[in-house]
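Chains as they are written, first to last, in numbering that gives the first Met the number 0: chain A, 0 to 206; chain B, 0 to 289.
Please note: incorrect hints may appear among the correct ones.
To be verified - Within a straight-line C-alpha distance of at most 27 Å, the following computed DSSO-like cross-link-like pairs (lysine-lysine) qualify: (1) A:K172 x A:K61; (2) B:K92 x A:K157; (3) B:K110 x A:K61; (4) A:K151 x B:K92; (5) A:K172 x B:K110; (6) B:K211 x A:K36.
What the hints contain is simulated information worked out from the structure, not anything from laboratory work.
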Amino acid sequence: MQELTIPINEETIRCLRVGDPVSLSGVMMTGRDTVHKWMVETFIYNTRQPQGDDLDVYEVIKPLLNGGVIYHCGPVVAGLETREHQFVAAGPTTSIREEPYQGDVMRHFNLRGVIGKGGMGPKTLAACQEVPGVYLHAIGGAASLIAQAVVKVVEVYKLEFGVPEAMWVIEVKDFPAVVTMDSHGGSLHAEIESKSRTVLEELLVIE
Amino acid sequence: MVDITEHFLELVRLAATDLPPDVEISLTQALEREKTGSAARGALETILKNVEIARRDSTPICQDTGTPIFYVYYPEGWSTRRLRAQIESAVAKATQRTYLRPNSVDPLSGKNSGDNLGGNYFPTIHFEEVEGDTLTVDLMLKGGGCENVGAQYSLPNTALGAGRDLTGVRKVVLDAVHKAQGKGCAPGILGIAIGGDRGSSYLASKEVLFGKIAEDNSDPQLAELETRLTEEANQLGIGPMGFGGQTTVLGTKITSLNRLPASYFVSVSYMCWAYRRRRMIFKDGEVQYE
Chain A
0 MQELTIPINE
10 ETIRCLRVGD
20 PVSLSGVMMT
30 GRDTVHKWMV
40 ETFIYNTRQP
50 QGDDLDVYEV
60 IKPLLNGGVI
70 YHCGPVVAGL
80 ETREHQFVAA
90 GPTTSIREEP
100 YQGDVMRHFN
110 LRGVIGKGGM
120 GPKTLAACQE
130 VPGVYLHAIG
140 GAASLIAQAV
150 VKVVEVYKLE
160 FGVPEAMWVI
170 EVKDFPAVVT
180 MDSHGGSLHA
190 EIESKSRTVL
200 EELLVIE
Chain B
0 MVDITEHFLE
10 LVRLAATDLP
20 PDVEISLTQA
30 LEREKTGSAA
40 RGALETILKN
50 VEIARRDSTP
60 ICQDTGTPIF
70 YVYYPEGWST
80 RRLRAQIESA
90 VAKATQRTYL
100 RPNSVDPLSG
110 KNSGDNLGGN
120 YFPTIHFEEV
130 EGDTLTVDLM
140 LKGGGCENVG
150 AQYSLPNTAL
160 GAGRDLTGVR
170 KVVLDAVHKA
180 QGKGCAPGIL
190 GIAIGGDRGS
200 SYLASKEVLF
210 GKIAEDNSDP
220 QLAELETRLT
230 EEANQLGIGP
240 MGFGGQTTVL
250 GTKITSLNRL
260 PASYFVSVSY
270 MCWAYRRRRM
280 IFKDGEVQYE
């Protein structure tokens, strides 16, 4: 088990290989569908004018994400009324939906890690090699267990996106994950896809 | 009519936080099949540990508490309008108590209603009047990750060499499992409907998931296909979470419904390992949960 502290430096990332179990500690941020679309349109492709507190939020998240980690997660949160937020359930969501955006987001913010489930495609894998960064797989559905690794909710931005889609800045301790895409072009997901395709083709010719 | 909102709330809590025994047994059996030290075994160990924590703490097994899908079988004389109001009230309370995540989003404005209510389809409630004096309510919480990898095929399908027979059904289902990879939170359970129109077919593919995993299909042909599909899906080697391994699906449930001469649909509803379904039985003022 390799222990990683956020922010993560380049050398550490280059040492990680597909299959390595890791344990993360430090401050990370959740971000999923709405956040990725918002980031790309507002700050990367500039197809949408910044509105409301967009620019302020951007200035705050930039240093957080530099060398940092984004977690594809829409948590269940207690204490919404008192603003004493606490994560109750916080497993990963399916990452592939961010495939159109993730590579550009990684390059723009110098993201070192993306945590999610189900794996991502060639665009993200290319960004992992360039930035460099890794894709870390958490166990899908293990929400109550993973919530225990969240020691503190530091801040929340864009709560108007809804609880699952907001950017939750969280402090984690010993957050468990496995490297399934590394900075050397390795992807467990591409490998399993191709092996299972071969088996499928054999099964399809049986009448 | 009596107010059974509190019973509905308990049904939701149970569904969200306490995995049914047959699913847990099936996951334990899957764990035993995986090699010691493998990523697949590690994933299943984590899953089972999480199931235990969720049950102990009454916290959601998975943060995606999905679409609440209710099937209400009510005796003559009950008001479906009042039952709906009570279910909606229970769902909103369950959200407040963090058994459920606020999951109901307006697709046009992007706004989350915050209480899991919204329109006539959220939560989804089906009503059916039954004989006798027992009210039975089935609830399934179906997450979005597995819902997204569901698929519908119109047979014949040339690319897969699938004709309008059970051999063709077998082929398209295997294709759906391959396409899903680990994205639907494998090991999953396959709910399959053969026939119907596009709408009824998808609906039936979810209804069949209310049955127990180990329950045999009463139709011997379908029972045989269920066993075969589970075996062959597992031969694909996608494994828990798509990490590779012995168990890609825990089971397969198939149903059929009449179709038009022109149509031959096969609908696949993929249910994640967090197979959250519970039943409430209300009779003579007494409530029981299964």
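We went through each hint and held it up to the structure:
1. A:K172 x A:K61: 22 Å, holds
2. B:K92 x A:K157: Distance ~24 Å between K92 (chain B) and K157 (chain A) Cα, so the pair holds.
3. B:K110 x A:K61: Holds, at roughly 26 Å.
4. A:K151 x B:K92: With Cα atoms ~25 Å apart, K151 (chain A) and K92 (chain B) stay inside 27 Å; holds.
5. A:K172 x B:K110: Roughly 32 Å between the alpha carbons, so the hint for K172 (chain A) and K110 (chain B) is violated.
6. B:K211 x A:K36: Cα-Cα ~40 Å, so violated.
The structure shown violates the earlier hints numbered 5 and 6.
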